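Trainee: Spelled out, the chains give:
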Amino acid sequence: MAIDPKIYREMGLNDSEYGLIVETLGREPNYTEIGMYSVMWSEHCGYKYSRPVLKAFAEYKKAQESGALENAGVVPLGDTGWGVVFKMESHNHPSAVEPYQGAATGVGGILRDIFTMGARPVANLDSLRFGTITGDSDTAKRNRYLFEHVVKGVGDYGNCVGVPTVGGEIYFHPCYNGNPLVNAMSVGIVRRDRIASAKASGIGNPVLYVGSATGRDGIHGATFASVTLTEESEAKRANVQVGDPFTEKLLIEATLEALATGGIVGIQDMGAAGLTCGTSEMAAKGGVGMEIDVQLVPRRETGMTAYETMLSESQERMLAVVECGREAEVQAVFHKWGLNAAYIGTVTDSGRVVVKDDGVVKADIPAKSLADDCPTYFLQAAEPEYIARVQTADLTKFAEPDDYGAVLLALLASPTIASKRWVWEQYDTQVQTQTEVLPGRGDAAVIALREANNARIALTTDCNPRFCYLDPFVGAQIAVAEAARNISCVGAIPRAVTDCLNFPSPEKPSGFWQFTQAVNGMAAACEAFGTPVVSGNVSFYNETPDNAIYPTPTVGMVGVFAPDVIPCTLDFKTDGDLIYLLRPEGSGGITGYAGSEYLSLQHGLDAGKPALDIAGEIAVQQTVRDAVTAGLLASAHDASDGGALVAIAESCLAGNRGAEVRVAIAEFSDPVSGADQPWSAILFGEATSRIIVSVTEGAAQNALLDIAEAQGIEAVYIGQVKKNDRLDVAGIMDVPLTALRDAYEGAIPRLMDKG
Amino acid sequence: MNSPLKIGVVMFPGSNCDRDAACAWADDLGLGESVFLWHTETAIPAGIGAVVVPGGFSYGDALRAGAIACFAPIMTEVAAFAKDGGFVLGICNGFQVLCESGLLPGALVRNEQMRFLCRPVNLRVETTDSPFTNRYTPGEVVSIPVAHGEGRYVCSPETLAELHRTESVLFRYCEPDGTVGEKSAANGSQDNIAGIIGGVRRNILGMMPHPERAVLPRLGSEGGAKLWYSLRESLAIAGAEPVFVIA
Numbered sequence: 001m002a003i004d005p006k007i008y009r010e011m012g013l014n015d016s017e018y019g020l021i022v023e024t025l026g027r028e029p030n031y032t033e034i035g036m037y038s039v040m041w042s043e044h045c046g047y048k049y050s051r052p053v054l055k056a057f058a059e060y061k062k063a064q065e066s067g068a069l070e071n072a073g074v075v076p077l078g079d080t081g082w083g084v085v086f087k088m089e090s091h092n093h094p095s096a097v098e099p100y101q102g103a104a105t106g107v108g109g110i111l112r113d114i115f116t117m118g119a120r121p122v123a124n125l126d127s128l129r130f131g132t133i134t135g136d137s138d139t140a141k142r143n144r145y146l147f148e149h150v151v152k153g154v155g156d157y158g159n160c161v162g163v164p165t166v167g168g169e170i171y172f173h174p175c176y177n178g179n180p181l182v183n184a185m186s187v188g189i190v191r192r193d194r195i196a197s198a199k200a201s202g203i204g205n206p207v208l209y210v211g212s213a214t215g216r217d218g219i220h221g222a223t224f225a226s227v228t229l230t231e232e233s234e235a236k237r238a239n240v241q242v243g244d245p246f247t248e249k250l251l252i253e254a255t256l257e258a259l260a261t262g263g264i265v266g267i268q269d270m271g272a273a274g275l276t277c278g279t280s281e282m283a284a285k286g287g288v289g290m291e292i293d294v295q296l297v298p299r300r301e302t303g304m305t306a307y308e309t310m311l312s313e314s315q316e317r318m319l320a321v322v323e324c325g326r327e328a329e330v331q332a333v334f335h336k337w338g339l340n341a342a343y344i345g346t347v348t349d350s351g352r353v354v355v356k357d358d359g360v361v362k363a364d365i366p367a368k369s370l371a372d373d374c375p376t377y378f379l380q381a382a383e384p385e386y387i388a389r390v391q392t393a394d395l396t397k398f399a400e401p402d403d404y405g406a407v408l409l410a411l412l413a414s415p416t417i418a419s420k421r422w423v424w425e426q427y428d429t430q431v432q433t434q435t436e437v438l439p440g441r442g443d444a445a446v447i448a449l450r451e452a453n454n455a456r457i458a459l460t461t462d463c464n465p466r467f468c469y470l471d472p473f474v475g476a477q478i479a480v481a482e483a484a485r486n487i488s489c490v491g492a493i494p495r496a497v498t499d500c501l502n503f504p505s506p507e508k509p510s511g512f513w514q515f516t517q518a519v520n521g522m523a524a525a526c527e528a529f530g531t532p533v534v535s536g537n538v539s540f541y542n543e544t545p546d547n548a549i550y551p552t553p554t555v556g557m558v559g560v561f562a563p564d565v566i567p568c569t570l571d572f573k574t575d576g577d578l579i580y581l582l583r584p585e586g587s588g589g590i591t592g593y594a595g596s597e598y599l600s601l602q603h604g605l606d607a608g609k610p611a612l613d614i615a616g617e618i619a620v621q622q623t624v625r626d627a628v629t630a631g632l633l634a635s636a637h638d639a640s641d642g643g644a645l646v647a648i649a650e651s652c653l654a655g656n657r658g659a660e661v662r663v664a665i666a667e668f669s670d671p672v673s674g675a676d677q678p679w680s681a682i683l684f685g686e687a688t689s690r691i692i693v694s695v696t697e698g699a700a701q702n703a704l705l706d707i708a709e710a711q712g713i714e715a716v717y718i719g720q721v722k723k724n725d726r727l728d729v730a731g732i733m734d735v736p737l738t739a740l741r742d743a744y745e746g747a748i749p750r751l752m753d754k755g
Numbered sequence: 001m002n003s004p005l006k007i008g009v010v011m012f013p014g015s016n017c018d019r020d021a022a023c024a025w026a027d028d029l030g031l032g033e034s035v036f037l038w039h040t041e042t043a044i045p046a047g048i049g050a051v052v053v054p055g056g057f058s059y060g061d062a063l064r065a066g067a068i069a070c071f072a073p074i075m076t077e078v079a080a081f082a083k084d085g086g087f088v089l090g091i092c093n094g095f096q097v098l099c100e101s102g103l104l105p106g107a108l109v110r111n112e113q114m115r116f117l118c119r120p121v122n123l124r125v126e127t128t129d130s131p132f133t134n135r136y137t138p139g140e141v142v143s144i145p146v147a148h149g150e151g152r153y154v155c156s157p158e159t160l161a162e163l164h165r166t167e168s169v170l171f172r173y174c175e176p177d178g179t180v181g182e183k184s185a186a187n188g189s190q191d192n193i194a195g196i197i198g199g200v201r202r203n204i205l206g207m208m209p210h211p212e213r214a215v216l217p218r219l220g221s222e223g224g225a226k227l228w229y230s231l232r233e234s235l236a237i238a239g240a241e242p243v244f245v246i247a
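As you go down the protein sequences, you meet chains X and U in turn.
Sequential numbering of the first sequence, starting at 1, is according to my numbering.
Sequential numbering of the second sequence, starting at 1, is according to my numbering.
Simulated from the structure, these hints should not be mistaken for lab results.
Note that this is a predicted model, so its numbers are computed, not measured.
The beta-carbon is built from N, C-alpha and C at its ideal position, and this holds for glycine as well.
Treat the hints with care, as some may be off.
To be verified - If the Cβ cut is set under 8 Å, some of the chain X residues that face chain U in the computed set are: (1) Cys160; (2) Phe246; (3) Lys249; (4) His335; (5) Gly338; (6) Tyr427; (7) Gln432; (8) Glu436; (9) Arg450.
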């Protein structure tokens with residue numbers, strides 16, 4: 001019987017892909033098989049558009065070629081024998097239509113990627129982006145609703161499973177209207193000699209299904225994630241899965257306990273594409289086949305077909321291959337934790353995934369074809385017309401503001417910059433009692449890992465989408481640089497990156513150009529900073545008919561502390577400490593207007609050409625790390641969103657100290673023309689690679705200046721910490737701390753209390 | 001062998017501060033040994049001097065926080081242990097479980113602002129006449145974090161009067177200087193109550209803040225350490241002169 005092309009097209013397969021399937025099978029596929037192919041060959045699972053570009057990442061290329069593409073990357077933790085496992089993943093589309101469950105299941109999914117490797121999750125971070133939340137428009141109200149419920153979803157899930165949410169970032173920009181981004185990162189630790197594999201092996205070994213029963217939820221979720229959001233997306237609410245963090249908590253404990261028995265040969269979580277993905281990927285990795293019977297799968301409803309069972313994306317499920325003869329022992333562990341654990345099939349030597357329903361074959365497909373042979377495409381890329389326009393915009397034509405203090409207050413109250421206390425207080429930041437630097441206290445979160453002899457790691461997520469819009473290549477480089485800077489400010493050494501590449505549709509040349517530019521920029525920067533991309537995820541189609549997101553290649557970075565280095569926080573500590581601005585040599589003439597919050601807020605403009613001096617950046621970071629390692633610094637905080645004065649204000653507020661800013665204008669003049677920069681640039685410009693530090697006068701100060709000189713960077717004196725409850729810039733502005741605090745701390749609660 | 005410095009930490013499905021409490025006692029402060037008590041167990045092993053009912057989301061907080069856990073087999077044993085004068089410490093979800101079990105009066109309901117709240121709070125030690133606070137000074141202000149969605153303590157006026165009459169309010173939310181104001185309890189707790197004590201010899205403590213999270217400088221506060229030191233002292237005395245019988 002010939003298949004109506006409508007069937008596979010609706011599931012997202014094109015004619016040539018369908019032809020390839022027919023050729024592979026040597027016959028027409030049936031309905032169940034078309035469904036299985038369509039989810040595995042979606043962009044979400046098959047990376048059909050991104051795979052060729054992602055080869056820019058050296059580690060990814062190596063892993064792909066060696067067939068060792070595991071669920072998450074591993075970074076060794078000194079000589080402790082332990083490794084850090086981490087990954088970030090998007091859950092954008094589900095969160096756009098059902099923010100609470102979308103965000104919650106995003107957290108759940110990424111946690112499973114971690115503990116399926118045998119690692120105990122020790123921290124979560126969340127990079128969230130929403131449209132504008134200010135004002136009374138329906139759009140603003142919708143964005144506040146999305147913001148509130150995404151945060152609640154992230155919090156409720158992480159809090160219940162007992163993994164602290166220690167950091168992340170939140171941006172607001174109109175480009176995210178209708179397209180919120182929810183990027184969840186999870187970090188775990190594992191003994192390096194006990195990393196669990198996701199490979200099926202051992203012909204005849206039984207296949208164990210563990211966790212929640214399978215329902216009809218989330219069918220075609222992966223396909224849903226691979227199309228543009230439209231009016232009809234709301235109707236796809238049913239495609240969004242429902243999370244159960246309680247079951248996830250049981251699954252964490254039971255999985256780690258079961259792995260410790262040594263009776264598990266391979267294990268993988270079942271997220272996107274559910275059982276189809278679990279069976280085909282595990283079999284393909286092991287070069288074996290797998291035969292299961294859906295009648296043996298624990299199911300929530302009667303009458304579920306093989307198609308529904310194989311495509312369900314019900315949450316909190318794992319698939320394991322157990323060593324023959326140890327079935328009862330492994331099963332008993334899961335039963336102790338009150339979980340379903342059912343043997344549903346066996347590993348075979350056929351190389352095929354065979355799905356039966358009460359003995360009747362419903363699907364019979366080569367595992368490798370499903371898991372690895374998704375066709376890839378080199379799409380057309382073309383530089384969008386806006387690039388030339390924004391990069392050449394004249395940013396010098398604007399008048400200086402009348403009241404710099406008012407500008408500072410407006411920047412501090414701008415939701416992207418304002419304190420996110422309203423958010424992080426809804427997250428359990430301290431469970432597991434390993435968190436040393438909490439949100440708001442440092443540029444990166446710091447946790448000390450008890451099991452690994454209290455070795456400390458630093459964690460951050462970063463991406464300024466405005467820079468990426470203006471120049472995707474440089475913007476992605478800056479995202480890596482900022483992450484490494486944040487890691488360095490607390491005193492850790494940047495080690496590795498996980499990325500979450502959020503882009504509009506790649507099927508438009510402009511979108512694909514942004515994607516390739518950003519990936520190449522990120523790969524180049526990761527190479528320069530010595531922080532390979534070891535895991536990651538791609539999310540395309542973040543656009544609606546009216547709006548596309550700015551390219552948002554979110555960087556999640558892990559840094560490792562040398563033993564005995566005490567983490568440095570961002571708060572000013574002592575009256576009289578000297579404030580220095582660390583920056584690359586010869587960078588005093590850069591205005592930093594490009595892509596700045598100042599330009600956007602004051603003049604409604606996202607324009608300019610951002611720049612990054614990578615060698616200078618590395619030297620600045622080395623300086624701050626050396627200074628923290630030597631215990632010289634009282635505080636360190638990078639000057640990013642809002643510029644240097646916002647960074648100073650944040651250090652004032654965190655330490656409840658005032659500051660006298662005294663700037664020698666000559667330090668900020670153009671090295672060629674000698675022209676002084678306007679005050680708005682000095683105070684609010686966002687030139688990259690700059691860090692605000694405070695240091696005690698005398699020996700520590702001199703030692704810092706020596707390090708700066710050795711690194712060939714500029715340490716510019718810009719003021720003093722004062723216990724006078726004011727922030728003043730000589731002759732320019734003078735604002736009491738209470739006003740700063742009200743703007744900074746009050747902004748988001750005031751907006752969210754509006755409803 | 002009886003080791004009076006051994007504590008048992010209950011493990012319900014969904015407990016998530018069990019390891020933290022065990023670790024604070026045994027590793028961070030080095031006060032003794034910690035063992036876990038699985039929820040289906042029907043006896044508390046001999047030699048356990050105190051039982052901690054830890055924080056977390058026991059049974060997923062189905063119905064309401066603590067509502068299922070109080071029916072767990074181990075809770076029958078904990079109740080008997082408490083009635084015999086054994087020290088029982090319920091933290092956060094553990095406090096909710098003790099209230100649901102009827103071992104302590106009152107109830108914990110949704111926070112006033114209807115949101116989960118995790119932050120360090122200031123607590124005033126209301127009395128040092130207890131096995132859990134004898135190492136503090138009266139009126140001492142300590143910083144200990146809270147992390148809960150349902151931590152607003154409520155009780156009847158009669159219960160409140162009785163709690164005060166018997167000096168059974170152990171901790172109250174306060175300002176940094178120790179004053180207790182209307183807004184001192186971020187969760188809206190009645191009379192700013194953060195922790196209460198009950199039992200035949202003031203041997204059952206329930207509190208919402210997490211003393212196991214405030215035992216080391218690197219965790220941001222040591223405000224909870226004296227609580228564990230107090231318990232050790234009480235256990236040492238009890239061990240030397242056994243005044244209660246373990247069932």
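Trainee: If you check each hint against the structure, which ones fail?
Mentor: 4
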